[in-house]
Structures are given as C-alpha cells and as structure tokens.
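A.B. asks: Chains as they are written, first to last, in the numbering used here: chain P, 21 to 458; chain E, 55 to 376; chain D, 1158 to 1508.
Calculated directly from the structure, the hints in this document are not laboratory data. Predicted model, so just to flag it, every value in this text is computed and none were measured. A hint or two may mislead.
Unchecked claim - Here are the simulated lysine to any residue pairs, SDA-like style, with alpha carbons at most 25 angstroms apart: (1) Lys28(P) to Thr85(P); (2) Lys1340(D) to Glu82(E); (3) Lys1311(D) to Pro217(E); (4) Lys362(P) to Gln283(P); (5) Lys376(E) to Gly162(P).
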Amino acid sequence: MPDVTMPKMGFDMQEGTIVRWLRQIGDEVRRGEPIAEIETDKVTIEIEAFDSGVLREIVVAAGQTVPVNAVIARLGDDAPSPPAAPAAAAVEQPSSPPAAPSVPAVAVAPPAVDDREVRASPLARRIARDHGLPLAGIAGTGPLGRVVRADVEQALTARPAAAPSAVAAPTPAVVAAPTPAVVAAPTPAVVAAPTPAVAAPTPVAASPRGDLVPLTSMRRTIARVTSQSWQQAPHFMLTMEVDMGACLALRGSINAGRPREAQIGVNDMIVKAAARALRGFPMLNASYSDAGIELHHDVNVSIAVALDAGLVAPVITGCQSRSLGAISRESKRLVALAREGKLGAADLQGGTFTVSNLGMYGVSEFVAIITVPQAAILAVGAVRRVPAFRDDSDEVIARQVMNLTLSADHRITDGAEAARFLGEVRRSLEQPLELLVD
Amino acid sequence: MPVITVREALRQALHELMQDERVFIIGEDIGHYGSTYGVTAGFLEQYGAERIRDAPIAEAGIVGLAIGAALVGMRPIAEIMSVNFSLLAFDQLINHAAKIYSMFGGQMHVPMVLRTTNGWTQLSATHSQSFDVMFAHVPGLKVVAPATPYDMKGLLRASVADPDPVIFIEHTLMYTVKGEVPDEPYEVPIGRSALVREGRHATVVTYSRMVHLSLQAAEVLSREGIEVEIVDLRTLRPLDMSLAIESFKRTGRGVVVTEDWQSFGTSAEIAARLYEYGFDYLDAPITRVNFREVPMPYSKNLELKTVITVDRIANAIRDALK
Amino acid sequence: MTQDTAQPVAAVGDAPRPPDGTDPALLMELYRQMVLIRRFEEKCQEMYTKAKIGGFLHLYIGEEATGVGAVSALREGDHIFTHYRDHGHAIARGLDINALMAELFGKVTGTGKGLGGSMHFADASKQFWGGYALVGCHLLLAVGTALGDTMQRKPGVTMVFFGDGATNGGEFYEALNFAQLWKLPVVFVCENNLYAMGTPLEVHSSVTEIYRKAAAFDMRAERVDGNDVLVMREAALRAVDHARSGQGPVLLEAMTYRFRGHSAQDVQKYRSKEDVERRRSGDPIEVFRRQLLAWGVIAAADLRTLEHTIDDQVEAAVQFAEASDEPGVEWIRQSGVYAAAITVDPPIHGE
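Let's have the full structure, built from the sequences with the hints guiding it.
C.D. replies: Below you can see the structure in the form of structure tokens.
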C-alpha cells in the first residue's frame, strides 16, 4: 500500500501542516491529482498524489503539523468495497452498519466540474488538452451538447491565455491586477466575438444566496497564474512619483501633425523607459528557478490589456532595440488583436517584464501581481495635476505627476536595486529626449 | 483512354490471363450456357472445353478442384455465380484454401482465384446476401472487392498472379458501370486503398458498389456546402486503412458504408479501426450505413427500404456532421 | 453382420509362397515400413501420455498393411492426400520420421514447422499433400491435382485415403462424379475399419459394401483385404495402372481394423474387448512376419536385427524432436499466413 508523505516543497522546508484533505477515505485518487492542501512557513499549496489508488487511511488530520517525509495518508490498490454488504452477510450481522469513513465528516464543497464529466468528442478533448484549455465552460454545439472541435477552436480564438507551460518557461501570458476593476472594465465593445460562454457568463445554478457562474477558461487561467504568483513569489512593492510634464510636452510635439492611428501614447513612453532601464538592471529582466536566476538577453515587455472577460498580456518583443515609434506600432497592433480575440500563441509568449496601466480608469496608484517567472511588474497610475513647490522656492505651481509602483520578486532582487531601477525609469521619463535617442 | 464497362474490363482481363497456359476457368454455366452475366461469353468457343470447364452444380467441388489444381502448378479461376452459393464451398475455402500455406509450414501455396458476385434485385432472401465479412474474417484468404472498371481489370490480374487464394467479389448491379480502362495489361496491387474524392468535412470509407452511391451522395451534399472525402478500400484483406485514417484525422468525422448487415459486418471492423487509430481525432460517433437487418424481402417496396440508397448515405453523412 | 461381409482376416496369410516374381527386397521393405509405423506410433502413444505431444492423436495401429500396400503401388510424381489418421501413409511415402516426430512435438524442424501437428503431416517434395481433418472434404483436392496433372499432360496418379465414415457426405459424391465425369487419374482408397469414429458401419451407411457406391458413377471399384499387405499392393497396382492409362478413377474398399481407439481419449464403448482381441490375433504385421519366415525370405535373427534398428531410429527421432527448437513468432504474423509478402498486421493488443 503506497504511503503518501509530507512533501518537501522548498529547499528549506522542515515541516508542513495539513490545511485540509481534498479527498475523503474511499475516494479514488489518480496520480497527479491534488490530494490535500498543506501549509508551510512560506506557502499554502495543494499536494499531488504520486500513486493511483483508493484513499484508505488519513494518518494526519487537518490542522496537524508533521515533519517532511512523515506518512500522512495511505493508498490502497483496489476499488473501494461497496458500502452495502452482500445479502448473506447482512443476514448474519443485521445490525452492522456499513463501513463509514474514519475521519470526521467534513463539509464538502461542490466539486469543480471535471473535464472528464464534460461531454466532448475525443478530438475536442485532444485539442483542448494540447492548448491547456479546460473543457468546462465551453458551450457544446454537438448532439446532446457535446463539445466538438469547432467549439474548442472558437474558444481558443476567444481566450486570452496560453498553455500551462507558461509557468515553467519564461513565457508568461496572463497578468492580473488585484483590482476587480479590470475585470469589470466598462469597455463592452472591446471583446470581439468570443464564445457565448465567455462573453456572457450565464448562471448555471441559482441558490437563495446568489448565482453560480461557471468559470471561463480565461478566468481559470487568471486564477491559477495569479494564485501561483502570489503564493510562490515573495512580492515587495516600491512606489515613486514621476513628473510627467516634459514627457507630455514631448508627446504633444511628436503627435502634432501625426495621424491619429500613428500617435504615441503615454504608455508607449513608459514601456520605452522601462526597456531602457532594464538594460542596466539585468536582475529585473530575469527569472527565478531553484536552479538559479536566468538573466534574459532580450527585453520583452508584456502589456496588460483589459478585456470584458478578463485580461491578456501580449508581448512586445525585443524592446531593447525597438524605437519608441516601433514600440508604439507594435503595441497598437497587439491591443487591436487582443480586442478582436485574435492573438496567437506567439503573441503571448516570452515576456520578461510587464507594464500594467490603470491610469485611464482614474486609479492613482496600485499594486500589481508579478507574472511569474518574471522578476517584476510596473503598475502605472493616472497622470494627475497636483500643486507643487517650484524647485527650492515656496512658489506653488501645477505639476503633472504619475505614480509608478514596482512589484518585484524578493527571491531575485532586493529593495535598493529595485529602487535604483525605478529611479532610472523616472529619470528617462523626466528627461524624455533620451527616449528618442535609441 | 477507352471508356468501357465493368463487364468488358473483366473480359479483357480474363482474355489476357488466358494467354497463360496455367490459367483455366471452372464454374457453373460459364461455357455452354454463355455465362450468366456475360463475362465469359464466347470463351468456350475460343479456348475450348478443357480450359473453360463447365462444372456440375457442386460448389464444394468447384472450389476443391481449383485448390487441388493450384497445388500442382495451375492458376485456376473458379467462378461461383452468386456468393450465396459459395456457402456450399465454405469448408473448402476456409479449411483448405486458407490453411494449406501456413498449416503445412509454408511448403505449398494455393494460387487460386474465386470470382463471385454480390447483388440483389427482387431475388429475395437467399439470393441477395453478402458474405464479404465471412471471407475477410479468415486469415489466409485475400479478399478484393473493386468498384471501377479500371480496378476490376487491374485487380483481377493481380489476383491471378498472387500466390495466395483470392476471393474476387463482383456485383451484379455493377457490370454496366463504365470507366476508363487502358487497353494494355496492368496490375492494381492487392491491399491498397484509394482516395476517390477529396473533401474536408467528413470521411466516407466504403468499397465495391457503395463507392458509386457514396459519390452520388457527395454530389448532393456538395450543393449544401458539405464536402466529403471518400476512400475506396478496394481490398478487405489485407485491409489498408492508411488513407482512411489519414483522411479521418483531417475531418474528425467518419461514415462507413457497406452493403451487408451491420451487426458484426465489414463496417464494424472498419469503424473499429477508425476508432482504434483515430480516437484522438474523433469529433463525433462514426455512423454506418448498411442493409437493414432482415432477410431480403421480395416485394419491391420493402426491398428498396432494406438496401442502401443515395439518400440514406447522404442522411448518414449529415448525421455524422451534427 | 458387417464383419461377415468383410473379407476373412488375413485370407492370403496361409498361402504357401509369395506371389510369383515378388522381389524379396520389396517384401522386406514392406515389412520394414509396417514395423516402423507400428513402433513410431507406439512411441507416439508413450510421448502423448508424457505430454510431449498435444492435441488429438489418431493412431493407425492395425491398419498398417493397407497404407503400406497401397502406397507401394505409387511412384515418384504421383500424389497422395490423406485424412487426419495420417502417420502410416506419411511413413509409407518415406517422410523423415525425425521431422514427423518433431512435428508432433510442435518443433520448427517438423514437417510443417510445428504448425500442423499429428493431423497435418505433409511433404510437398514427395507430393504428399498432407493430412486433412474435415472428413471427406479432401477428396475434392485430390480430384483437383489429378485435373491439374491431366491439363499439364503429366502422367501422375493421385491416391486419396479416407474412411468408411467419409462416404456419406456430399463431397464424396461430388468427388466421384467429377473424377469419373472427366476421367481423372484418381485412386480413391476407402479404409473401411468398420467404424466412423465410434459409429458402426451398419449404423452410418445405407450400403455397407462401400465399393458398391461407385456404381452410381459407373466407376470401377473393388473390395480387398486391407490387412494383407500383398493383396492390398496388388489391388492398388491394378487401380493405379487403370487410372494412369486414362481410363478414369477407381474406388478401392480396403477392409481393415483399427486396434486402438479413435483417438487417445477413446474408451471404445462401441465394441467389445473380446472383439478387439480376436482381431489382434490376426495382426497384419505378425501374419506377414510369419509368412516371411515361412517363405524363407529372411532369417529370424535378421528380422530381430531389423526390428532393433527400427527401435533405435524411433528413439533417435524422439531425441531429435526433443532437441529441436520451437517455431519462431514470425509464423503467427500475417507474413506467416500468406505466401506473398504481407507487411501490415491487424492491431494486436495485450502484448
């Protein structure tokens, strides 16, 4: 009977606490499926079963703490015996109750919809599996509501995010701001023809207390990626105020006379400034792994784009060698594709740093969640007109300022380095002619 | 290239094959009567009674003698005018023709061909059956069932040249089907399927006469914007599913059309292979079009409801695309 | 009574001398074959009980004179088809007993590479086309080879063996009709051992004189004492000559008796022990042995030497079979089923 032991979830983990069991005694467990949630001194995380079988015994109850490698449960080989005894046995032991789980009854939340329970064609399953797309939530148009290839393909063109491998490779695709405002962004026109299930989530179940809306694939991905980041990457945040006066003036003179579709945006200038600064701060253009910190040669800046159903973060690649104009053009192209639901996998892969901007919603400053395994994300607030003292005098003048908040992964970089990087971004923006030099 | 009928293509092939002294034809009413379907009409006069052997009505004997003659160097072509009569010869085919090569450790082989026909037209219960599956079930037999005049000629030549026993299945309703056939001799290899129509929405796997009905159904559907791909298996054993599976992987939808009963029939094996090799490409259950499972009724209206029609094929394809 | 209609047991056994002009070497060869068959099969029985041989084991013991006498009438280029009780005919035709024992052991050195077993001995090089196990159905194959020979203007005669039980099925009549209709050189040898498996002759056949069945086809037929090897040989020579001369087929009914059960697991409820014992007292091999000694063809000591040599050969065959390899898995692929190259096997699961 294979034992389930307290896993070592980090190099310095000594012990772990069972938060809750995700499987009950008698449940079938498959290799790779989460079996319990544990808490270490750093994270709370689901642990996987390494063997398939039936959960026979829970050795360590929820709430208890045990050292790494301690047995916490045992799996059996075969299917659970049926709860009701055969008739003959029942006659002999009429009062014997059916075998009951030996753990205290736990209120079990309604299980999430398992893909295996979704009626789908094998082809649809394969395509969805290849793209890491959960089938639950895709409306099936085949007989009896079967999800068929066409449904999956439509969902793929409408969805924002890439495969689960995004977490392992430095190719994050989804970034999430912690504010619900992003999801509820009042831009109903921006999503082009997603599947009905994505565009208009309809409640699948109602109770007196509210409605249950099924998770869309985009929602699932956002949930997974942000949870993982928040749990695994120790965030620290620095905020710095930038005087945007010169920047806005320069932008005005550049855009004067340019057609509307070729105009440079503030965000473009911020991306350019960040890209310039990253060249001098390789630790902020890096990825963390247990093996080491990988420094990326290219500066690929992900830009968060809000959609009705969530958000996506297409990647402007090679920003270290792109001019401001090139960055602006690429940004416009990606945003347009994102809103039409036409981003390809290539558009979403390879980001090394993210810029997220909620300034247009009047947010003065916010903290963004790092898109692991990137090292940092820059949250951009609104440009505000504030009273300020002119230089060293007591004269009060109006200034256009903007708050930049950098969230950085403490495993990779530290406060002082991050602060110097943020200062470099500010310097470029306050002396914006530099943005035109290269 | 000349356009000729299936009958004419078979006659051409047989004339060519008769040039080989080892080849002779044995069967019922192939000579004096003038041949039931006209395939060997005039052969008796041309080649003589020794090589165009009018046999007694004794199907086991016809096949048994062919096997024996094949063992000693002849290339017999046995003819059983209706596959329904081949039931009388099944022991010879299955216990002898199919076994002699392997059972005796490869010492001898049986290069014989059995030509026979499927078909129906108000012939009722015992004269309208198809036993393709019963032949194709048996390791040691080869089973070909061509659809076009070109394949008829080329596969008959390949069958007679083959060192193993070959069941060559014709169809009484196909003798007048026309197609291009080169004058000169050629072989179509046994065990190779053919793609007869390209399309992207569904894959129809079929053979023999059903190829023609499936093509007609495809034309009907084409007007609705549905383009089906059609694979003609041509040989049932050894079964070449490569083109069918390749096509199925492109379309994700499969329809199997075979003119026999559905239960445990040829379509069951074909569909099973599609499921087996194409599972991850399956976008809908595979649909099958077959005879209704009754002894063939005599009455015309019931017969037409029992057999396969272009409409039934088209509807099955539409079903597969739902 | 069926037995009464049969030829008396060993009718020629009391003849004072061998038929005129018979070569003593031939007599010795016939005796050698009969003893070799007997010893080979006794060893088969032993190996069967030791589970070295599987499946069915149908022994020819008691019927040796029929097979040896009939086959001795054939020459090179002639053909033999037989039934599942085929050991005797194979040995009489000169098949290598090492290969035969190896076949019984299921070894690759067997006549059929271990694929056929006891019922399916064959050697194409000797035109011994094999033992067939569907009663009466192989008669048509024999007519077919005769047809093939005739069309190729070859002088071969085809001899086909079958039992009394085979003469009630349709194939027997189809075969006789085809052969006589086309005047094909076939010698049909019916080994009438009085039982179709375990069903007595008078229970299974409306006509118990099997040779009379040929009358329906105007075919020449003869009933002979199959337990006398010389009588059998003489009758077979007449039949073969007739067939080879283009006058058409012959049906020989050879009266004989099987001393063992139908197969190894036969408890023989259908006949009495006494009946079998009475028959055994006229064992064709013993009778022939006495004749050879009486005729002065060979001395007793030389006979014993011959018998020891045969024992040694049979023992060597067992050792050969034991030492041989089992057949390779290529025989259970499609390539082992067809003479033409087949590369695609149907899907196989579970391996």
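A.B. asks: Work down the list of hints and note, for each, if the structure agrees.
C.D. replies: Hints versus structure:
A C-alpha spacing of about 13 angstroms is found between Lys28(P) and Thr85(P), which places the hinted pair at or below 25 angstroms, so the restraint holds. For a cut-off of 25 angstroms, the pair hint linking Lys1340(D) to Glu82(E) stands: about 19 angstroms separates their Cα positions. Straight-line distance between C-alpha atoms of Lys1311(D) and Pro217(E) comes to about 22 angstroms, which keeps the hinted pair within the 25 angstroms bound. Restraint check for Lys362(P) and Gln283(P): the C-alpha separation of about 23 angstroms stays at or below 25 angstroms, so the hint holds.
A C-alpha spacing of about 6 angstroms is found between Lys376(E) and Gly162(P), which places the hinted pair at or below 25 angstroms, so the restraint holds.
The structure agrees with every numbered hint stated previously.
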